[in-house]
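Number of protein chains: 2
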Amino acid sequence: MQNKPFFELEYTAEDCKARIGKITTDHGEIPTPIFMPVGTCATVKAVEQRELKEIDASIILGNTYHLYLRPNEDVIKHFGGLHKFMNWDRNILTDSGGYQVFSLQDIRKITPEGVEFRSHIDGSKHFFSPESVVNTQRKLGSDIMMVLDECVPYPAEKKYTADSLEQSLKWAKQASDHFQKTEPLYGHRQFHFAIGQGGMYHDLRKEYIERMCQMEFDAFAIGGLSVGEPTELMYDLTDLSTDYLPKDKPRYLMGVGTPMNILNSIERGIDMFDCVMPTRNARNGQIFTTRGRLNLRNAKHKLSDEAIDPGLDSYASSNFSLGYLHHLIRTEEILGLQLASQQNLAFYLWLVKTAREKIRTGEFRHWKREMEELYEPQK
Amino acid sequence: MQNKPFFELEYTAEDCKARIGKITTDHGEIPTPIFMPVGTCATVKAVEQRELKEIDASIILGNTYHLYLRPNEDVIKHFGGLHKFMNWDRNILTDSGGYQVFSLQDIRKITPEGVEFRSHIDGSKHFFSPESVVNTQRKLGSDIMMVLDECVPYPAEKKYTADSLEQSLKWAKQASDHFQKTEPLYGHRQFHFAIGQGGMYHDLRKEYIERMCQMEFDAFAIGGLSVGEPTELMYDLTDLSTDYLPKDKPRYLMGVGTPMNILNSIERGIDMFDCVMPTRNARNGQIFTTRGRLNLRNAKHKLSDEAIDPGLDSYASSNFSLGYLHHLIRTEEILGLQLASQQNLAFYLWLVKTAREKIRTGEFRHWKREMEELYEPQK
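Line order of the protein sequences matches chains A and B. Okay, so the first sequence: first residue is 1 according to this note's numbering, each after it adds one. Okay, so the second sequence: first residue is 1 according to this note's numbering, each after it adds one.
Okay, chain A solo, but in the shape it has when bound (with noise of 0.2 Å):
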């Protein structure tokens, strides 16, 4: 594969921005738009990795700062990178670790040389700067690495979120020079991300997708977004990012979303998501299927004898009966967690790979609308 091209853009639709494309790395093919499963501890979470393959996921995301944390980067750099300690063959993404450090309010404090934390777990004190995180992304290995940013909170003062813009890209450039200077560990290719900030201000976020884009980075996500602003604002501004972005390169919009957050910003342009939506609502015992999203605890499915989802075919969805499913989240038995992850996700990789086919045939945005009609509908 070494001589294909990381991205190769097939086709775009006619009446909207959605796109067709595939990148290939060392680790196999992913067409996009995509899903990623989200494996924050090395694990996705109820899921095996077999049943990840079944479900089609042609990649998993990995989190930095828990890897980071636990077991930590040199215990996976023994094991020779994480593919080999989790025992998955195919693609790997991390972020950068900045989302959750961001995310632990109370204890971090951010410098001009990057963000010292305390760990959720024991309280021991770390810190993360643009050039640690690539390194810590060397030793794990993943086939797509992040950049060290701050991800603005929501709302934040336009001041603020002005001189974070400046103080990312600062990172950025660092990041990248530093990734320049290192070589991946476990002899497969590594490719490296950058991502768009700018808070709420569309002002902001295009002059930082530009600044960005004069950097070398093998493609560019946005982040920021879906952090509690109302959702036709992230459109919007999603919808703008994508008009200054590449478009010979991936577009990857961090932590989205709902199945129609995921439809509306592929209409927008974007290619690749990521979210702890699917494998957390399935624990809490809500599944989406091709028919709507269903609370699993609620009584009417007591004797349904349907299966979980007859539009699909993975285990969960076609063996069992949404009855049984009922009973064993009621009983807080772990199949149920199991079974209701795998349908979420198979429902996921299955929207992604509908959404590819739809493009494809001209007919993504009438889709799009009976999508809209299951998932949410006008009152």
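Accuracy of the hints is not assured; some may be wrong.
The list treats identical chains as interchangeable, and a pair is accepted whether it falls inside one copy or across any two copies.
[To be verified] Keeping only pairs whose Cα atoms sit at most 35 Å apart, straight-line, the calculated DSBU-like set for lysine-lysine is:
{"id": "1", "residue 1": "Lys353", "residue 2": "Lys45"}
{"id": "2", "residue 1": "Lys45", "residue 2": "Lys77"}
{"id": "3", "residue 1": "Lys300", "residue 2": "Lys77"}
{"id": "4", "residue 1": "Lys249", "residue 2": "Lys300"}
{"id": "5", "residue 1": "Lys353", "residue 2": "Lys249"}
{"id": "6", "residue 1": "Lys125", "residue 2": "Lys17"}
{"id": "7", "residue 1": "Lys300", "residue 2": "Lys53"}
{"id": "8", "residue 1": "Lys109", "residue 2": "Lys302"}
{"id": "9", "residue 1": "Lys109", "residue 2": "Lys125"}
{"id": "10", "residue 1": "Lys45", "residue 2": "Lys300"}
{"id": "11", "residue 1": "Lys84", "residue 2": "Lys302"}
{"id": "12", "residue 1": "Lys84", "residue 2": "Lys353"}
{"id": "13", "residue 1": "Lys125", "residue 2": "Lys302"}
{"id": "14", "residue 1": "Lys4", "residue 2": "Lys353"}
{"id": "15", "residue 1": "Lys300", "residue 2": "Lys125"}
{"id": "16", "residue 1": "Lys302", "residue 2": "Lys181"}
{"id": "17", "residue 1": "Lys353", "residue 2": "Lys125"}
No wet-lab data here; the hints were simulated from the structure.
Dock chain B against chain A, hints included.
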């Protein structure tokens, strides 16, 4: 399979009472000696049904007490029985519910008619009689049903034990009569086992068995052992029991036990076992392997890249390192419970499978001593 006998005794060792046999029901063959994974609430905790097949489980156990309370017998009847409800097409044995009711000392009341108890979930009042638990197990549709008995607590006075014996034998007769008068509900045959009690008294155990064996049952179990008595006493009473139990019917030692408990009881002529130990201990971070027992939390496993159990080829055993499993257990990841549970059940099923092979080749006692070195080394 209608013409095959329920049990065929194939071979008995020359140097001990260990035996190989085969149970045949409408849900397939069960080679004996066998271990039955415990699927309390219509699921073996943290293990998928297809994974039970992978590790060659031919029969699992369901708990009538738990299923009666949740989802309840009529819900399961609505789904066409427990096999269909949980999508398991191999064998199921259900206990009578008695053991759970009698373990809840505070909230039950025994009368000659049966036992009144309160639900551990919501405190609601319920009543089990010898006849009612037959009816419940008809609705569950298990391949093997157990009679209601009183599991005499340890220690217990002889007078109490003797009175309980009379009560339980009377109940066994009622259960047998009721079983003869009722029919299976789902088109497959159901078999009915009695349970020998008698506390820790050799003469009462013998009397119980002799009187029980005059009734019409498909097999006889030994109950009320492994309840806190010294291990040697358990072995003695097991030994005595198999001296009096008919050779042409399977013998089931209920709720036993550790790997060595199982091998020592096979040596004394037992054919069937169940125990929560492999799955419960897995969830507490203890695994059983062909190299011995391991505490996964122990820091010494942190950097181990050895397979979980190189001696077994289950998915968990062969695809992941001890270091990875250590990490999953330490971070309380659900996948850790899944893999450890698969490993422990794979080990228990390997244990009885190897026992069968070693009995056939005349090496059973020799091999048992080897396992003793691993599992109960002399100081």
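Do the hints match the structure? See the list:
1. For the identical chains of this complex, Lys353 and Lys45 are neighbours both inside a copy (22 Å) and across copies (33 Å), given an alpha-carbon limit of 35 Å.
2. In this assembly of identical chains, Lys45 and Lys77 lie within 35 Å of each other by CA distance both inside one copy and across copies; the values are 22 Å within and 33 Å between.
3. Only between protomers do Lys300 and Lys77 lie at most 35 Å apart by alpha-carbon distance; the minimum there is 17 Å, versus 49 Å within a single protomer.
4. Taking the shortest alpha-carbon separations for Lys249 and Lys300, neither the intra-copy value of 47 Å nor the inter-copy value of 45 Å comes in at or below 35 Å.
5. When the C-alpha separation of Lys353 and Lys249 is checked against a cutoff of 35 Å, the pair qualifies only within one copy, where the shortest distance is 20 Å, while the shortest distance between copies is 56 Å.
6. Taking the shortest alpha-carbon separations for Lys125 and Lys17, neither the intra-copy value of 45 Å nor the inter-copy value of 63 Å comes in at or below 35 Å.
7. In this homomeric assembly, Lys300 and Lys53 come within 35 Å of each other (Cα to Cα) both inside a single copy, at 32 Å, and across copies, at 31 Å.
8. For a Cα distance limit of 35 Å, the shortest separation of Lys109 from Lys302 across copies, 31 Å, qualifies, whereas the shortest one inside one copy, 50 Å, does not.
9. In this homomeric assembly, Lys109 and Lys125 come within 35 Å of each other (Cα to Cα) only inside a single copy, at 11 Å, whereas the closest approach across copies is 58 Å.
10. Taking the shortest Cα distances, Lys45 and Lys300 sit within 35 Å of each other both inside one copy (27 Å) and across copies (25 Å).
11. With identical chains, the CA atoms of Lys84 and Lys302 are at most 35 Å apart between copies only, with a shortest distance of 15 Å across copies and 42 Å within one.
12. Proximity of Lys84 and Lys353 under a CA criterion of 35 Å is satisfied in both settings, with 27 Å inside one chain copy and 32 Å between copies.
13. Within a single copy, Lys125 and Lys302 get their C-alpha atoms only as close as 49 Å, which misses the 35 Å cut-off; across copies the closest is 22 Å, which meets it.
14. In the homo-oligomer, the alpha carbons of Lys4 and Lys353 lie at most 35 Å apart inside one protomer (22 Å), although the nearest pairing across protomers, at 50 Å, exceeds that limit.
15. With identical chains, the CA atoms of Lys300 and Lys125 are at most 35 Å apart between copies only, with a shortest distance of 25 Å across copies and 50 Å within one.
16. Proximity of Lys302 and Lys181 under a CA criterion of 35 Å is satisfied inter-copy only: 31 Å between copies versus 59 Å inside one chain copy.
17. Proximity of Lys353 to Lys125 under the C-alpha cut-off of 35 Å is found in neither arrangement, the shortest distances being 43 Å within a copy and 52 Å between copies.
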